[in-house]
Every structure is written in structure tokens, then in C-alpha cells.
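J.: As given, the protein sequences belong to chains A, B and C, one line each in that order.
full-length UniProt numbering numbers the first residue of the first sequence as 1 and each following residue consecutively.
full-length UniProt numbering numbers the first residue of the second sequence as 1 and each following residue consecutively.
full-length UniProt numbering numbers the first residue of the third sequence as 1 and each following residue consecutively.
Read the hints as simulated data drawn from the structure, not as lab findings.
Only a predicted model underlies this, so the values are computations on that prediction, with no experimental measurement involved.
Backbone N, C-alpha and C fix where the C-beta goes; we use that ideal spot for every residue, glycine too.
Please note that a few of the clues may not be correct.
To be verified - Here are the simulated SDA-like cross-link-like pairs (lysine to any residue), alpha carbons at most 20 Å apart as the crow flies:
#  : chain 1 : residue 1 : chain 2 : residue 2
1  : B       : K266      : A       : K72
2  : C       : K167      : B       : N65
3  : B       : K47       : C       : P89
4  : B       : K47       : C       : G90
5  : C       : K143      : B       : V223
6  : C       : K231      : B       : V46
7  : B       : K269      : A       : H93
8  : B       : K58       : C       : E106
9  : B       : K269      : A       : D137
10 : C       : K231      : B       : F51
11 : B       : K58       : C       : E109
12 : C       : K167      : B       : V223
13 : B       : K47       : C       : E109
14 : C       : K231      : B       : N45
15 : C       : K128      : B       : P135
16 : C       : K143      : C       : S168
17 : A       : K72       : B       : G183
18 : B       : K212      : C       : D173
19 : C       : K167      : B       : Y142
20 : B       : K47       : C       : E106
21 : C       : K231      : B       : F50
22 : B       : K269      : B       : I168
23 : C       : K167      : B       : V46
24 : B       : K269      : A       : F135
25 : C       : K167      : B       : G62
26 : C       : K167      : B       : W138
27 : B       : K269      : A       : P136
28 : C       : K167      : B       : S96
29 : A       : K72       : B       : F51
30 : C       : K143      : B       : P137
31 : A       : K72       : B       : R95
32 : C       : K231      : B       : G42
33 : B       : K266      : A       : F135
34 : B       : K47       : B       : K58
35 : A       : K72       : B       : S96
36 : B       : K266      : A       : P136
Said to hold, decoys possible - Some chain B residues well away from chain A (every beta-carbon gap over 10 Å; in silico):
#  : residue
37 : V29
38 : V68
39 : A82
40 : L94
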Amino acid sequence: MADLKLENVQKAFGDNPVIRGIDLTITKGEMVCLIGASGSGKSTLLRCMNLLEPIDDGNIFLDGTDISEPGKDPQPVRQRIGMVFQSYNLFPHMTALDNAMLAPRRILGGSRAQLRPALEEMFTRFGLHDRMNHFPDQLSGGQQQRVAIIRALAMQPEIMLFDEITSALDPELVGEVLDVLRDLRSQGMTMVLATHEMGFARELADKVCFLHQGRILEQGPPDQIFEAPNEERTKAFLSRVL
Amino acid sequence: MPTQTRRQSFEARQRKRANMIAAASTFAVLAAIVLLVPLAPGWENVKRSFFNGAVFAKTFPGLLNAFVMDVAIFLWCAPLIAALGLIVAIARDLRSPALYPVRLLAIAYTDVFRGLPVILVIYLIGFGIPGLGLPRPWNSPYIWGSLALILVYSAYVAEVIRSGIESIHDSQRNAALSLGLSGGDTMRYVILPQAVRRVVPANMNLFIALQKDVALLSFIGPVEIFRQAGVYKSLMANFTPYVGAALIFLALTIPATRYADYLMNKQSKARS
Amino acid sequence: MKFWTTAAALMLASSAAYADSCATGKTLTDGMLTVATGNPAYFPWVMDDAPETGKGFEAAVAYAVAAEMGFDADHVAWIRTSFDQAIQPGAKEFDVNMQQFSITPEREEMVDFSAPYYTSAMAVLTTKSVVEAGATADVASLKSLIWGADANTTAVPMLGDLIAPEKSPLLYDDNADVTAAMQAGQIDAALFDLPTALYLSAVVLNDGALLGQFPADRGENPDQFGMLMEKGSPLKECVDAAITALTENGKLAEIEAEWLQATTGVPLIK
Ligand SMILES: Nc1ncnc2c1ncn2[C@@H]1O[C@H](COP(=O)(O)OP(=O)(O)O)[C@@H](O)[C@H]1O
Ligand SMILES: [Mg+2]
Numbered sequence: 001m002a003d004l005k006l007e008n009v010q011k012a013f014g015d016n017p018v019i020r021g022i023d024l025t026i027t028k029g030e031m032v033c034l035i036g037a038s039g040s041g042k043s044t045l046l047r048c049m050n051l052l053e054p055i056d057d058g059n060i061f062l063d064g065t066d067i068s069e070p071g072k073d074p075q076p077v078r079q080r081i082g083m084v085f086q087s088y089n090l091f092p093h094m095t096a097l098d099n100a101m102l103a104p105r106r107i108l109g110g111s112r113a114q115l116r117p118a119l120e121e122m123f124t125r126f127g128l129h130d131r132m133n134h135f136p137d138q139l140s141g142g143q144q145q146r147v148a149i150i151r152a153l154a155m156q157p158e159i160m161l162f163d164e165i166t167s168a169l170d171p172e173l174v175g176e177v178l179d180v181l182r183d184l185r186s187q188g189m190t191m192v193l194a195t196h197e198m199g200f201a202r203e204l205a206d207k208v209c210f211l212h213q214g215r216i217l218e219q220g221p222p223d224q225i226f227e228a229p230n231e232e233r234t235k236a237f238l239s240r241v242l
Numbered sequence: 001m002p003t004q005t006r007r008q009s010f011e012a013r014q015r016k017r018a019n020m021i022a023a024a025s026t027f028a029v030l031a032a033i034v035l036l037v038p039l040a041p042g043w044e045n046v047k048r049s050f051f052n053g054a055v056f057a058k059t060f061p062g063l064l065n066a067f068v069m070d071v072a073i074f075l076w077c078a079p080l081i082a083a084l085g086l087i088v089a090i091a092r093d094l095r096s097p098a099l100y101p102v103r104l105l106a107i108a109y110t111d112v113f114r115g116l117p118v119i120l121v122i123y124l125i126g127f128g129i130p131g132l133g134l135p136r137p138w139n140s141p142y143i144w145g146s147l148a149l150i151l152v153y154s155a156y157v158a159e160v161i162r163s164g165i166e167s168i169h170d171s172q173r174n175a176a177l178s179l180g181l182s183g184g185d186t187m188r189y190v191i192l193p194q195a196v197r198r199v200v201p202a203n204m205n206l207f208i209a210l211q212k213d214v215a216l217l218s219f220i221g222p223v224e225i226f227r228q229a230g231v232y233k234s235l236m237a238n239f240t241p242y243v244g245a246a247l248i249f250l251a252l253t254i255p256a257t258r259y260a261d262y263l264m265n266k267q268s269k270a271r272s
Numbered sequence: 001m002k003f004w005t006t007a008a009a010l011m012l013a014s015s016a017a018y019a020d021s022c023a024t025g026k027t028l029t030d031g032m033l034t035v036a037t038g039n040p041a042y043f044p045w046v047m048d049d050a051p052e053t054g055k056g057f058e059a060a061v062a063y064a065v066a067a068e069m070g071f072d073a074d075h076v077a078w079i080r081t082s083f084d085q086a087i088q089p090g091a092k093e094f095d096v097n098m099q100q101f102s103i104t105p106e107r108e109e110m111v112d113f114s115a116p117y118y119t120s121a122m123a124v125l126t127t128k129s130v131v132e133a134g135a136t137a138d139v140a141s142l143k144s145l146i147w148g149a150d151a152n153t154t155a156v157p158m159l160g161d162l163i164a165p166e167k168s169p170l171l172y173d174d175n176a177d178v179t180a181a182m183q184a185g186q187i188d189a190a191l192f193d194l195p196t197a198l199y200l201s202a203v204v205l206n207d208g209a210l211l212g213q214f215p216a217d218r219g220e221n222p223d224q225f226g227m228l229m230e231k232g233s234p235l236k237e238c239v240d241a242a243i244t245a246l247t248e249n250g251k252l253a254e255i256e257a258e259w260l261q262a263t264t265g266v267p268l269i270k
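All chains, please: the whole structure from these sequences, using the hints.
T.: Rendered as C-alpha cells:
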């Protein structure tokens with residue numbers, strides 16, 4: 001069971017309200033896509049789910065437990081919720097393998113030798129077996145982003161958050177990263193994506209949420225959102241991006 | 001023999017021209033110095049006092065010998081400075097309210113020791129603390145003089161490291177935290193290794209300065225190269241030993257400075 | 001009566017100043033003898049750091065030598081220099097410089113010294129606690145002490161020659177630092193000329209003591225003070241003649257007796 005439930009989540013930076021009362025339920029095995037214009041609050045919402053940003057008001061429940069309670073240690077939650085960033089954010093002073101190895105070693109414990117086979121298998125699965133001992137600056141953007149995904153998966157999270165992970169990539173590299181997401185989807189990973197890849201969202205999402213100025217204006221199955229949106233703003237946004 | 005492109009041969013010609021101009025003008029300046037300075041009326045006296053071959057030959061081996069002391073003091077101070085500088089830099093970054101006093105202490109420490117002339121700290125600590133009545137060998141000027149250097153230079157190194165820590169983009173911290181790493185692990189495994197690497201050239205410059213400031217320990221007793229040169233100066237009423245000491249310092253510091261500059265250039269190129 | 005003596009003295013003085021003497025035309029300022037001392041100048045060489053009063057051994061010697069050369073007290077000017085200023089190349093700002101400069105052959109390569117005006121015993125300055133700890137006035141015992149000295153003095157080579165300590169000595173910039181180090185227990189003993197050692201032991205140190213002395217008339221390495229002059233100074237001959245005359249007529253010994261304490265009672269070092 002790994003359900004994530006958001007109730008009336010609010011977040012402001014100074015007097016700039018960025019998330020203005022969001023209710024959202026993500027059920028185990030679901031893939032939810034967040035779409036919306038730049039600045040609508042997608043990244044902030046994902047960061048709130050991962051507790052990188054403390055929320056001002058509302059609740060976030062993970063399997064029924066309130067994880068957003070102020071003052072609570074965020075570490076155990078973050079270990080269960082992985083996150084991948086638009087700009088990869090690999091640790092530049094470590095090889096790809098060490099990037100993936102760091103958190104499991106420090107948190108799950110175990111020697112390099114014990115951890116290595118599982119990681120090696122993941123590198124192989126995502127076509128990076130011969131890049132394990134490369135440093136980030138020796139890898140292409142697509143390779144780096146796949147390493148970042150492996151790094152997050154290495155903690156065996158129950159939920160994965162992806163924040164526009166293909167936006168910084170050259171177009172010909174987008175495919176290889178989306179393939180990884182497809183792979184994860186087929187394994188039944190619970191995922192929340194902020195994305196501009198509308199085709200991908202339409203093809204694979206269980207639910208699509210349209211964010212506008214910190215609110216979910218409209219949510220539903222992809223067919224409904226993309227073909228028969230109720231809101232004018234959703235229509236306007238889609239006509240601009242499709 | 002690879003053939004040159006048109007651009008390459010043009011650039012090669014340009015380079016050759018630039019080198020020739022540089023060489024010619026350098027030569028002209030040197031020639032002017034070598035020819036004109038000796039024409040100054042006091043030159044003979046200055047030469048006898050500062051560039052005296054006989055005095056130089058007589059004192060240089062003794063100076064080299066005394067320089068071993070400078071290097072030794074440097075060698076035992078440097079690692080302690082690196083360690084203390086790192087600790088203070090981390091202490092200055094502590095965010096937990098319970099550790100606020102530690103942070104305050106670290107801030108006060110860096111402010112005070114960067115605000116004092118090194119020689120003053122050496123005097124106060126080197127004479128003051130042993131004056132409290134410590135028994136031998138704990139009152140040695142080597143110990144307290146070194147401590148003074150360590151305290152002053154750690155304050156500078158701490159500031160440099162802290163600037164390195166602050167130059168690491170927040171996204172690195174976020175990435176580490178999102179994996180569930182603790183704040184301490186994030187600092188230790190992600191932020192610090194990058195920060196320290198980034199400030200190696202700046203720290204090298206500090207350690208070059210340290211090698212020079214070791215000479216200040218002579219004020220509280222130890223006979224290192226600067227003091228030895230002073231003794232020779234006094235015995236022979238001649239300043240040439242200082243020139244000898246200067247040459248010995250330069251032989252060490254110029255290559256080190258060039259290397260630090262080289263690292264600095266390499267790094268700024270890599271980042272741009 | 002008083003008026004007349006003063007007037008007579010003044011006339012005598014001015015006639016002396018302008019009398020044709022061996023120094024005429026050879027001083028920095030015509031008719032004036034410029035004498036340099038230290039900054040500060042120390043007891044008992046100059047009393048109260050005020051050489052103009054003529055009090056203190058070197059101040060008194062300066063006026064006596066000046067008089068011998070034909071300058072009365074009003075035609076002696078004082079300036080202050082460090083050791084380094086005294087030896088730096090270029091025009092000097094003094095005619096003669098006296099601050100216990102020891103005459104050595106090496107220094108004579110660079111500057112001129114007058115005939116010696118004082119021959120100093122070298123004394124071992126220490127503290128009572130070191131004496132109580134068992135230090136005695138023989139070379140064997142002295143070797144095992146930790147030594148200090150003023151780096152600018154000939155005490156440094158003498159330490160090596162006379163005692164050859166086991167541990168390398170610590171050297172300082174001036175008397176104050178040497179005594180500070182002794183007070184802090186960083187050094188056991190220091191080598192000074194006897195008058196300076198007497199002063200430091202009696203006035204500056206809390207529990208100072210003089211362990212012993214190497215007598216002034218020792219055969220090797222006598223420590224003789226001379227007035228320092230620019231190399232090739234035309235004045236040297238005149239200064240030398242004055243000092244020789246003062247030595248021969250016993251005037252110098254008189255001044256020494258007046259200002260430098262009796263040195264008996266400090267044991268000789270075996
Ligand atoms: N750390 C921050 N401090 C202040 N304002 C922020 C911060 N992060 C995001 N914002 C603001 O919040 C709004 C939403 O940003 P973001 O969540 O990044 O939107 P999106 O990911 O949909 O483009 C923007 O107006 C942005 O300027
Ligand atoms: Mg965003």
C-alpha cells in the first residue's frame with residue numbers, strides 16, 4: 001500500500017501564494033501527470049510531496065499517516081518517496097555507480113559488494129552497463145538523467161516523483177528517458193510526473209491534472225482532459241502546447 | 001607532418017610576432033635596469049651592502065640550513081590549519097538552534113583572528129600563555145607560536161571553505177536530501193567534497209602566505225631563516241643575508257604561486 | 001659673579017667651537033657634532049633616555065669626546081637610529097653612533113669604528129629559580145641550559161664560542177623580549193654585556209640573578225665598544241685621537257667609575 005493523499009495543501013513564498021489549496025489522491029500503482037503553464041506550481045507541488053518544501057497549511061497523508069506535520073523528521077519519508085529533477089543534479093565528484101550507491105550505503109547499510117549486484121542489474125536494464133564508472137561530465141544528458149533515475153530507484157522507493165525530467169534534454173535524447181518511464185510503469189511503480197510531454201501523458205497516465213495558478217483546475221483520465229476539457233483555461237493551454 | 005589550416009598558420013605567425021615583441025621589450029627593460037642602475041651615485045655602496053658576493057657565499061649555506069626550520073614549522077602547522085579551518089567552516093554553517101552558540105563562537109573566532117595582525121597574535125599567545133607559568137616543554141615558543149599561526153590561518157581557511165560551501169548550488173543539497181540522506185551526510189559526502197575542491201587554489205595562496213609568515217615566529221625566539229639572516233646582518237653589518245633569504249623564499253613560493261594560478265585558470269575555464 | 005662666570009664660559013665655549021680643530025669641515029653640519037643613540041637608549045648607557053643631559057656612560061663619553069674634538073655641550077646634537085639605520089648604505093645622518101656597538105673585523109668591512117671606549121665583561125643573566133634548580137658558574141653546567149640573546153648583539157657568536165650550548169639558543173629583537181621569554185620560562189639564561197645584565201637583573205626581572213661573568217680582559221674575544229662611523233669617515237682620525245687622549249689622561253676611567261656599577265661580586269665563570 002502506498003497511497004499519497006493531499007488535502008487542501010497550501011504553500012506561499014513570502015506573500016506569493018504558489019500552491020493555493022490542492023486536493024489530490026494518488027493510489028498505489030497509479031501514474032498521475034501534472035500539466036500546466038510554467039509557473040503554475042508543478043515543481044513546488046512535487047517538492048512539497050517530498051517534504052523538500054514544508055507546507056503552510058493542509059495535510060499530506062502517506063498510507064494514512066500525516067507526513068506534513070510540522071517538526072516531523074522528513075528523512076524516513078524521503079526514503080520512501082524518490083525524486084528526479086529536471087537538471088539531473090548528479091553528484092559531479094562521483095562515478096555513476098557511486099552516485100547510486102551513496103544513499104543505500106549510508107541509509108540501508110551494507111557493503112559495496114553487497115549492494116553492487118542489484119545496482120549493476122539496474123544499470124544494465126537501463127542500457128548503462130558500460131557507463132557505470134564514468135563521471136557525470138563524461139555522460140550525455142540522457143545518460144545522466146537515466147543515472148539520476150537509477151540513483152532514486154536504488155533506495156527502493158514506493159513512489160517516484162519526476163519533475164520535467166526530459167525538458168533539459170536534446171530532442172533525440174528524450175526517447176531513451178521516456179523508455180525508462182515506460183519500463184517503470186509496466187513494473188507497476190506509483191509515479192507522479194510534472195511534464196510537457198503531452199503525447200506521453202496521454203498514452204500512459206491514469207490521471208491528468210491541469211494546474212493553474214496553484215490550483216488544480218481540472219483533473220480526470222487523459223482522454224477526457226485532452227479531448228473534452230471542461231475548463232476554458234485548459235482548452236487554451238492545450239491549444240498552445242498540442 | 002599534419003598540414004596547417006589557413007587559420008592555424010595565420011595564428012602561428014601572429015604568435016611568433018607577439019613573442020618577438022614581448023622578448024624585445026623585456027630585453028630592453030632589463031638592459032635599462034642593468035645599465036642604468038649602476039650609474040646611480042650610491043650604487044657602489046648599495047652593492048657592497050646588499051649584493052655582496054663574499055657575504056652571500058659565506059652566509060647562504062647557514063640560511064638554507066635555517067630554512068629547514070621554516071619548512072618544518074609549516075609542515076606541522078598546515079594539516080592542523082586545514083582541519084581546524086574545516087571544522088570552523090562547518091560550525092559557521094550549523095542551522096540547528098541548539099548549536100547556535102557554536103555557530104556564534106565560530107563567527108566571533110573568524111572575525112577576531114582575521115581582524116588582528118599576525119605578529120600581534122604571535123606576541124600575545126607566544127609570550128602571554130607561557131607567562132602563565134606552564135612547565136616545560138609546554139611553554140615552548142614553538143608550540144605557542146605555531147598555535148598563533150594555526151589560529152590566524154584557520155580563520156582565513158574557514159572563510160575560504162565557507163565561500164566554497166556557499167558556491168555549491170542548492171540543487172545538490174536538494175538532490176541529496178531527496179534521497180533521504182541526513183543533513184550531516186549531505187554535507188560530508190555531497191557538499192564538502194565539491195566545496196573543498198573548488199577552493200583549492202584560494203587555499204593554496206593562503207598556504208603560500210603561511211610559508212612566508214612562519215618567519216614571524218622569529219620574534220618570539222625560534223631561529224629560522226629570517227632571524228638567522230638578521231644575525232648575519234648584525235655580525236657583518238651587511239644586508240646581503242636578507243637578499244639570500246629572499247631568494248630562498250622565492251625559490252619555493254614562485255613555483256607554488258604559478259601552480260596555484262594554473263589551477264585557478266583551469267578551474268575557471270572548466271566552469272565557464 | 002655668576003653672570004661673569006657664565007659669560008666667560010660662553011666665550012670660551014664659542015671660541016672652542018670655532019677653534020681650528022681636527023674636526024673642522026668634516027662634520028655633517030659645520031660646527032656641530034651629531035651623535036646618534038638608540039631608540040630608546042637604555043640605562044646605564046643613557047639615563048632616562050635623555051642623552052642631552054650628559055648623564056649615563058655613553059652620554060658622558062659623547063660629551064667628553066666632543067669637548068676633546070673642540071665641540072662644547074651646546075654644539076652636540078643628538079639623533080636616534082636603529083641598528084639597521086646605522087649600517088644602511090648611503091649618506092649617514094650622524095657623525096658618530098654609539099649604542100654599545102661591538103667592534104668586529106666583519107663589521108669593519110662595512111663601517112668604521114673608533115678606538116674602543118669600553119671593554120665589556122660578558123655576564124650570564126638568569127633567574128633565582130634556575131640557580132636554585134642547580135645551575136652553577138662553570139661552562140659544563142651552562143651548556144645544559146636553554147639560552148637566549150639579543151639577535152643584534154655579538155652575544156650571539158660569543159654564546160657559540162664561549163659556551164656552545166647543547167640546545168640551539170632562542171634569539172630576540174631587544175632586551176625587553178629576552179626578559180619576557182625568561183619570565184615565561186622559555187629560556188634559562190641570556191648573555192649580555194655586564195652593565196646591561198646588571199640593570200636587567202636588578203630592575204627589569206622579577207627574580208633576576210647574575211650567575212657569573214666572562215671577564216673583560218679575557219684573552220680571546222674581548223667585547224669592545226666603539227663609535228660607529230660611515231666607512232672611510234674623515235672624522236675617524238680625530239675621534240680616535242680624542243678617545244686615546246681620554247684613555248691616557250684617565251678621564252674615560254673616571255666616567256666609567258661614575259656610571260657603570262662596580263663589577264666585583266659577580267663570580268668568574270670557570
Ligand atoms: N524557492 C522559491 N522562492 C520563491 N518563489 C518560488 C520558489 N520556488 C518557486 N517559486 C515561485 O513559485 C511559482 C511556481 O513555481 P514552480 O513550482 O517552479 O512552477 P512550475 O514548476 O509549474 O513552472 C513561481 O511563480 C515561482 O517564481
Ligand atoms: Mg517546474
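J.: Run every hint past the structure and note whether it holds.
T.: So, going through the hints one by one against the coordinates:
About 44 Å separates the Cα atoms of K266 of chain B and K72 of chain A, which puts this hinted pair outside 20 Å; it is violated. For a cut-off of 20 Å, the pair hint linking K167 of chain C to N65 of chain B stands: about 16 Å separates their Cα positions. Between the alpha carbons of K47 of chain B and P89 of chain C the distance comes to roughly 9 Å, so the proposed pair stays at or under 20 Å and holds. Between K47 of chain B and G90 of chain C the CA atoms are separated by roughly 11 Å; this keeps the pair inside 20 Å, and the hint holds.
Note on K143 of chain C and V223 of chain B: the hinted pairing holds, with a Cα-Cα distance of about 18 Å set against a maximum of 20 Å. Pair hint K231 of chain C plus V46 of chain B holds up; C-alpha atoms about 13 Å apart against a cutoff of 20 Å. For the hint pairing K269 of chain B with H93 of chain A, the CA-to-CA distance comes to about 17 Å; that is within 20 Å, so the pair holds. Between the alpha carbons of K58 of chain B and E106 of chain C the distance comes to roughly 11 Å, so the proposed pair stays at or under 20 Å and holds.
A distance of roughly 14 Å separates the Cα atoms of K269 of chain B and D137 of chain A; the hinted pair therefore holds under the 20 Å criterion. Between K231 of chain C and F51 of chain B the CA atoms are separated by roughly 17 Å; this keeps the pair inside 20 Å, and the hint holds. The hinted pair formed by K58 of chain B and E109 of chain C meets the criterion: a straight-line CA distance of about 14 Å does not exceed 20 Å. At roughly 12 Å between alpha-carbon atoms, K167 of chain C and V223 of chain B fall within 20 Å of each other, so this suggested pair holds.
Annotation: proposed proximity of K47 of chain B to E109 of chain C holds, straight-line Cα distance about 13 Å (limit 20 Å). Taking the CA atoms of K231 of chain C and N45 of chain B, the gap is about 10 Å. The hint holds against a cut of 20 Å. Restraint check for K128 of chain C and P135 of chain B: satisfied, since their Cα atoms lie roughly 16 Å apart, inside the 20 Å limit. The suggested pairing of K143 of chain C with S168 of chain C holds, with an alpha-carbon distance near 10 Å, which does not exceed 20 Å.
The hinted pair formed by K72 of chain A and G183 of chain B meets the criterion: a straight-line CA distance of about 15 Å does not exceed 20 Å. Under the criterion of a C-alpha separation no larger than 20 Å, the hint pairing K212 of chain B with D173 of chain C is consistent with the structure, at around 19 Å. The hinted pair formed by K167 of chain C and Y142 of chain B meets the criterion: a straight-line CA distance of about 14 Å does not exceed 20 Å. The straight-line distance between the Cα atoms of K47 of chain B and E106 of chain C is roughly 16 Å, inside the 20 Å bound, and the hint therefore holds.
Taken as a hint, the K231 of chain C and F50 of chain B pair is honoured in the structure, with Cα atoms around 15 Å apart against an allowance of 20 Å. At most 20 Å may separate the alpha-carbon atoms for a hinted pair to count; K269 of chain B and I168 of chain B meet this at roughly 17 Å. Distance check on the hinted pair: K167 of chain C and V46 of chain B sit about 36 Å apart at the alpha-carbon level, beyond 20 Å; violated. Under the criterion of a C-alpha separation no larger than 20 Å, the hint pairing K269 of chain B with F135 of chain A is consistent with the structure, at around 18 Å.
Proposed proximity of K167 of chain C and G62 of chain B is supported: the alpha carbons are some 17 Å apart, at most 20 Å. Using a Cα cut-off of 20 Å, the hinted pair K167 of chain C and W138 of chain B holds, with the two alpha carbons roughly 16 Å apart. With a C-alpha separation of about 18 Å, the suggested pair K269 of chain B and P136 of chain A falls inside the 20 Å cut-off, and the hint holds. At roughly 51 Å between alpha-carbon atoms, K167 of chain C and S96 of chain B are farther apart than 20 Å, so this suggested pair is violated.
Between K72 of chain A and F51 of chain B the CA atoms are separated by roughly 73 Å; this puts the pair beyond 20 Å, and the hint is violated. Of the supplied pair hints, the one linking K143 of chain C and P137 of chain B holds, its CA atoms being roughly 18 Å apart against a limit of 20 Å. Pair hint K72 of chain A plus R95 of chain B holds up; C-alpha atoms about 16 Å apart against a cutoff of 20 Å. The straight-line distance between the Cα atoms of K231 of chain C and G42 of chain B is roughly 13 Å, inside the 20 Å bound, and the hint therefore holds.
With a CA separation close to 18 Å, the supplied pair K266 of chain B and F135 of chain A stays within the 20 Å bound. A C-alpha spacing of about 16 Å is found between K47 of chain B and K58 of chain B, which places the hinted pair at or below 20 Å, so the restraint holds. Taking the CA atoms of K72 of chain A and S96 of chain B, the gap is near 14 Å; set against the 20 Å cutoff, the hint holds. Distance hint between K266 of chain B and P136 of chain A is fulfilled; the C-alpha atoms sit about 19 Å from each other, no more than 20 Å.
At roughly 43 Å from the closest C-beta of chain A, the C-beta of V29 of chain B stays outside 10 Å, upholding its exclusion from the interface. At the 10 Å boundary, the C-beta of V68 of chain B stays outside the reach of chain A, the nearest C-beta of that chain being 37 Å off. Every beta carbon of chain A lies more than 10 Å from that of A82 of chain B, the smallest distance being close to 18 Å; the non-interface claim holds. Every CB of chain A lies more than 10 Å from the CB of L94 of chain B, the least distance being 18 Å, so the non-interface label holds.
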